[in-house]
Amino acid sequence: MKPAEHGLSDHLTMRGLSRRFGSFTALDAVSLSIRKGEFVCLLGPSGCGKTTLLRLIAGLDLPDAGSIALQARDITRAAPAQRDYGIVFQSYALFPNLSVADNIAYGLKPRHERQRHRLRVRELLDMVGLPGAEDKYPAQLSGGQQQRVALARALATSPGLLLLDEPLSALDARVRDKLREELKGLQQRLGVTTLMVTHDQEEALAIADRVVVMNAGRIEQIGTPAEIYRQPCSRFVAEFVGEANWLPATACGAHEVRVGNHALRLQQPLPPAPALQLFLRPEDVIIKPRWENAPNTVLARVDNISFGGALTRIRLLPEGMPGQVLYAEVCPGMLDRQPLVPGEIVPVELPAARLLAFAGDLPC
Amino acid sequence: MLSAVLRWRPRGGQTGIAGEARIASLLLWALVAVLLLGLGLPLLFIFAKAVQDGDGGFVGLVNFAQVLQSPGLMRASSNSLQLGLTVTALVLPLAFAFAWALLRSRLWGRGLWRQIGLSPLLAPSLMPAISLVYLFGNQGLLKDWLHGGNIYGFWGVVLGELFYTFPHALLIIMTALSAADARLYEAGRVLGAGPLRQFLTITLPGVRYGLVSAGLVVFTLVLTDFGVPKVVGGDFNVLAVEAFKQVIGQQNFPRGAVVGLLLLLPAILSCLVERRMARRQQAALTARAQPFAPAPSWLRDACALLLLLAISLLLLALLGVGVAASFIKYWPYNLDFTLAHYQFDTVDGGGWSAYVNSLQLATATAVLGSLLVFVGACVCEKLPGMALGRSLLRFLAMLPMAVPGLVLGLGYVFFFNHPANPLHGWYGSLGLMVLCCIAHFYTTAHLTAATALKQLDGEFEAVAASLKVPFWVTWWRVSLPVCLPALVDVARFLFVSAMTTLSALIFIMTPEHSLAAVSIITMDDAGDTAAAAAMATLVVLSSAGLSLLLSLLERLLGRRNQRWRKPG
Ligand SMILES: Nc1ncnc2c1ncn2[C@@H]1O[C@H](COP(=O)(O)OP(=O)(O)OP(=O)(O)O)[C@@H](O)[C@H]1O
Ligand SMILES: [Mg+2]
Chain F
1 MKPAEHGLSD HLTMRGLSRR FGSFTALDAV SLSIRKGEFV CLLGPSGCGK TTLLRLIAGL
61 DLPDAGSIAL QARDITRAAP AQRDYGIVFQ SYALFPNLSV ADNIAYGLKP RHERQRHRLR
121 VRELLDMVGL PGAEDKYPAQ LSGGQQQRVA LARALATSPG LLLLDEPLSA LDARVRDKLR
181 EELKGLQQRL GVTTLMVTHD QEEALAIADR VVVMNAGRIE QIGTPAEIYR QPCSRFVAEF
241 VGEANWLPAT ACGAHEVRVG NHALRLQQPL PPAPALQLFL RPEDVIIKPR WENAPNTVLA
301 RVDNISFGGA LTRIRLLPEG MPGQVLYAEV CPGMLDRQPL VPGEIVPVEL PAARLLAFAG
361 DLPC
Chain P
1 MLSAVLRWRP RGGQTGIAGE ARIASLLLWA LVAVLLLGLG LPLLFIFAKA VQDGDGGFVG
61 LVNFAQVLQS PGLMRASSNS LQLGLTVTAL VLPLAFAFAW ALLRSRLWGR GLWRQIGLSP
121 LLAPSLMPAI SLVYLFGNQG LLKDWLHGGN IYGFWGVVLG ELFYTFPHAL LIIMTALSAA
181 DARLYEAGRV LGAGPLRQFL TITLPGVRYG LVSAGLVVFT LVLTDFGVPK VVGGDFNVLA
241 VEAFKQVIGQ QNFPRGAVVG LLLLLPAILS CLVERRMARR QQAALTARAQ PFAPAPSWLR
301 DACALLLLLA ISLLLLALLG VGVAASFIKY WPYNLDFTLA HYQFDTVDGG GWSAYVNSLQ
361 LATATAVLGS LLVFVGACVC EKLPGMALGR SLLRFLAMLP MAVPGLVLGL GYVFFFNHPA
421 NPLHGWYGSL GLMVLCCIAH FYTTAHLTAA TALKQLDGEF EAVAASLKVP FWVTWWRVSL
481 PVCLPALVDV ARFLFVSAMT TLSALIFIMT PEHSLAAVSI ITMDDAGDTA AAAAMATLVV
541 LSSAGLSLLL SLLERLLGRR NQRWRKPG
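Heads up: the sequence lines are chains F and P, in that order. Final position of the first sequence in this note's numbering is 364; the numbers increase by one with none missing. Final position of the second sequence in this note's numbering is 568; the numbers increase by one with none missing.
These are computed hints drawn from the structure, not numbers from a lab. What you are looking at is a predicted structure, and each value in this text was computed from that prediction instead of being measured. There could be a bad hint or two in this list.
[Stated by the list, open to error] In silico lysine to any residue, SDA-like type, Cα no more than 25 Å apart, as pairs: (1) P:Lys382 to F:Cys331; (2) P:Lys454 to P:Ile23; (3) P:Lys468 to F:Asp102; (4) P:Lys454 to F:Gly47; (5) F:Lys288 to F:Ala310; (6) P:Lys468 to F:Val325; (7) P:Lys468 to F:Ser158; (8) P:Lys382 to F:Ala78; (9) P:Lys468 to F:Arg114; (10) F:Lys288 to F:Phe236; (11) F:Lys136 to P:Ile23; (12) F:Lys136 to P:Leu556; (13) P:Lys468 to P:Ser178; (14) F:Lys178 to F:Ala310; (15) P:Lys468 to F:Gln90; (16) P:Lys382 to F:Gly107; (17) P:Lys468 to F:Arg73; (18) P:Lys468 to F:Lys288; (19) P:Lys468 to F:Thr51; (20) P:Lys468 to F:Thr157; (21) P:Lys382 to F:Ser99; (22) F:Lys136 to P:Leu26; (23) P:Lys468 to F:Arg116.
Using the sequences provided together with the hints, build the complete structure.
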């Protein structure tokens, strides 16, 4: 019984889920497994089907094909109440006419055990950092506080799975960062399997154990934040996650390409296409203290230097690549040389280990 | 058939939890059944009756041909048409002027003016007719003004209908006017447009849909109203009265059915036009509008005040003369105060028992109707899946808008008075009248409740389901309390409408079970105008009293709810 053994650690498993609205395919054969206690982020641009997938898992909508299993139990067509999850929506969906305590205790059973519910509510409010808010009404709370109450309500019945649909996107940046950390801490303490939808890649990379990047109803890549960032497996992921330099290139050999009138080496094999785009993160561009004739090193004119706190961002115009702009991000303290000045010509290395090549023409 | 319905599982809905899904579909189909019984089947029977002869044999379009060849009926049709057009042409400018003065001025006491403008809603359509008789009738106070002329006839009916339809037009035009976008006016001012130019290029185009839809509503109301022409029509015969004569007077059901179908035409037509317009208007309203706030202006406010005063005086006169006359010994010769006209002992029509019946009917309609409408709107807006059933329910909820009360009443006669109908025994009972009233006024009530429900977060049910709380608990604990103000509005609307309506009920009431509005007709027919005025006054007072009561209740509720409605 190998499959069962394998399934033990998988809390939630989706196989080949599809959902169509008329002729439009919102989800196209999506398969995904989430381990117990894992924090997974669904990341993708607007309209890529994240919410649709979440609603299928929640039982608020039914798939046209595929199956969903929760703890090895098939729940593809089960009613929401027969699944075991708590959910937080972007709008919070707090009941406006019920106090915070009544909102949180809404799903606690049996209804008449008020005393026990009171204790549970207090415990949850302490946990989400809102002690003493029992008698307030949602309209009296700020957005961040409402979000905490919604979270407490979703956790009140101790569900095995927590579903979050863009829970932080309606908050301002500062509150969002703080809540993001608290959310992660809470999730780790409770060990609740969590699936969060977001279109904010920074948020996804910061909070998730694993990130699922979606595009147009399909999964593009599943991996840890570092994998997604370092080793994007498709051009879409590379463009969507983080910032990058894109250099048009032509292949000439198994590991060699031409960019302008330079030849560059790549560690990884090239995709089988004549026209390529090279991908390089700005922080991987190395500005050398002095010229030496090493591979993948070119001369570039410093065009502009902008201060960015911890990192300094430098706009470079590489020689021999007309019209090409190269951004580098360097830590000023680590730069082993005199401060840069605009107009200066500097040697720049594009490390072979960091260069990735994707097939295709210019990125959009 | 019902079991097949229960087994039917739509895609996109929830299955599984047997109890909850079953209760949901049971609820849905029970509501559909109630509306089919109170609305669908009676309407079908009108169509059936129109193609049958007196004994129930199928005769095709013979009845239609007969009606078309009958000079009396054709004259009644052309009279109705002429009347509808005249009243529409007169009431639209009046209502627009009133709405403009209310919404585009900075006058004090606009709430009060608004109440005066809407006051005709509280009265049966017979009230202005009776007032007209007292003012310009054979013993009228101002009879000399007519220079030997006579109020009975076309212009009398026009005046009465003006009063009766004014608040309906006012409500629609006020809605349209208040949706104005301040940014357009600012742009107009910046571009150097004067007040007249702004009015012609911004205000009028902004309300043109409202004006058209008000015109359609008024036209339909006039065509199917029956009270005013009955009292002051004299020899001026209209279709609505003709339908009544054919069915109740001559028991000529097939011909009555044909006339009923004729009356259905304008209503259906206006519904179609409205729907087309609604679709276009939505596109016009997508921009994010800024609410309009009028700038101070003496001249404009003075004009507005004059307008409001003039129109209010007219409305209050047509309401007040009837009320006053009911307390006066012998109009206009002995103006002493008396309550004698309220004794109703010596007159036909049921007297106080008719009034009590009306009160019962209105109360039952308000209570049961609000309940039904709320559950119906919840099923339409808040239950997942069951797409077919829900669109059927939605269709049935919107249908009454296209069915004049008179036509509905005819349908009830044909359907419930049919000897083969097992519900035949129900005919003439209070229960059937309650059903008829709820069906007649369902659309407005449903739209009010549905609008309130739509403003609730769509995810409430989803959250509740994830917490394993059944939907009815959420309806009870969240939807109902949050929508209570709208439901109070619905109850008020149903009560007042049931209290004042005549058109549908006159067909299904029996003399033993008379109603206030009907007894007004009976008394007026018998020449007891003072008693008729007294009964009409009772109706007005009850409607106004309940409205006041509900307003107080609302304020009380508002105070209790303030804690969660208001931040801070
Ligand atoms: N009920 C529906 N009927 C028709 N189309 C739908 C429906 N629900 C979603 N869609 C379509 O499916 C696509 C995916 O929608 P979904 O809500 O899953 O996007 P999303 O990834 O959550 O986007 P966002 O970040 O904007 O929330 C969209 O193009 C949407 O228009
Ligand atoms: Mg979404």
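Cross-check of the supplied hints:
1. A hinted pair counts as satisfied when its Cα atoms are at most 25 Å apart, and lysine 382 of chain P with cysteine 331 of chain F does not qualify at roughly 55 Å.
2. Straight-line distance between C-alpha atoms of lysine 454 of chain P and isoleucine 23 of chain P comes to about 22 Å, which keeps the hinted pair within the 25 Å bound.
3. Proximity of lysine 468 of chain P to aspartate 102 of chain F is assessed by CA-CA distance (about 15 Å); at most 25 Å being required, the pair is judged to hold.
4. Using a Cα cut-off of 25 Å, the hinted pair lysine 454 of chain P and glycine 47 of chain F holds, with the two alpha carbons roughly 23 Å apart.
5. The suggested pairing of lysine 288 of chain F with alanine 310 of chain F holds, with an alpha-carbon distance near 19 Å, which does not exceed 25 Å.
6. The straight-line distance between the Cα atoms of lysine 468 of chain P and valine 325 of chain F is roughly 56 Å, outside the 25 Å bound, and the hint therefore fails.
7. Pair hint lysine 468 of chain P plus serine 158 of chain F holds up; C-alpha atoms about 12 Å apart against a cutoff of 25 Å.
8. Between lysine 382 of chain P and alanine 78 of chain F the CA atoms are separated by roughly 19 Å; this keeps the pair inside 25 Å, and the hint holds.
9. Between lysine 468 of chain P and arginine 114 of chain F the alpha-carbon distance is near 18 Å, which keeps this suggested pair within the 25 Å criterion.
10. With a C-alpha separation of about 31 Å, the suggested pairing of lysine 288 of chain F with phenylalanine 236 of chain F is violated against the 25 Å cut-off.
11. The hinted pair formed by lysine 136 of chain F and isoleucine 23 of chain P fails the criterion: a straight-line CA distance of about 34 Å is larger than 25 Å.
12. With a C-alpha separation of about 21 Å, the suggested pair lysine 136 of chain F and leucine 556 of chain P falls inside the 25 Å cut-off, and the hint holds.
13. Of the supplied pair hints, the one linking lysine 468 of chain P and serine 178 of chain P is violated, its CA atoms being roughly 43 Å apart against a limit of 25 Å.
14. Of the supplied pair hints, the one linking lysine 178 of chain F and alanine 310 of chain F holds, its CA atoms being roughly 20 Å apart against a limit of 25 Å.
15. For the given pair, lysine 468 of chain P sits about 20 Å from glutamine 90 of chain F by alpha-carbon distance, which is consistent with the 25 Å threshold.
16. Proposed proximity of lysine 382 of chain P and glycine 107 of chain F is supported: the alpha carbons are some 19 Å apart, at most 25 Å.
17. For the proposed pair lysine 468 of chain P and arginine 73 of chain F, the alpha carbon gap of about 18 Å is at most 25 Å, so the pair holds.
18. Distance restraint check for lysine 468 of chain P and lysine 288 of chain F: the Cα-Cα separation of roughly 62 Å exceeds the 25 Å cut-off, and the hinted pair is therefore not satisfied.
19. For a cut-off of 25 Å, the pair hint linking lysine 468 of chain P to threonine 51 of chain F stands: about 21 Å separates their Cα positions.
20. A C-alpha spacing of about 10 Å is found between lysine 468 of chain P and threonine 157 of chain F, which places the hinted pair at or below 25 Å, so the restraint holds.
21. Between lysine 382 of chain P and serine 99 of chain F the alpha-carbon distance is near 23 Å, which keeps this suggested pair within the 25 Å criterion.
22. Between the alpha carbons of lysine 136 of chain F and leucine 26 of chain P the distance comes to roughly 38 Å, so the proposed pair goes past 25 Å and is violated.
23. Distance hint between lysine 468 of chain P and arginine 116 of chain F is fulfilled; the C-alpha atoms sit about 18 Å from each other, no more than 25 Å.
Checked against the numbered hints given earlier, this structure breaks hints 1, 6, 10, 11, 13, 18 and 22; the rest are met.
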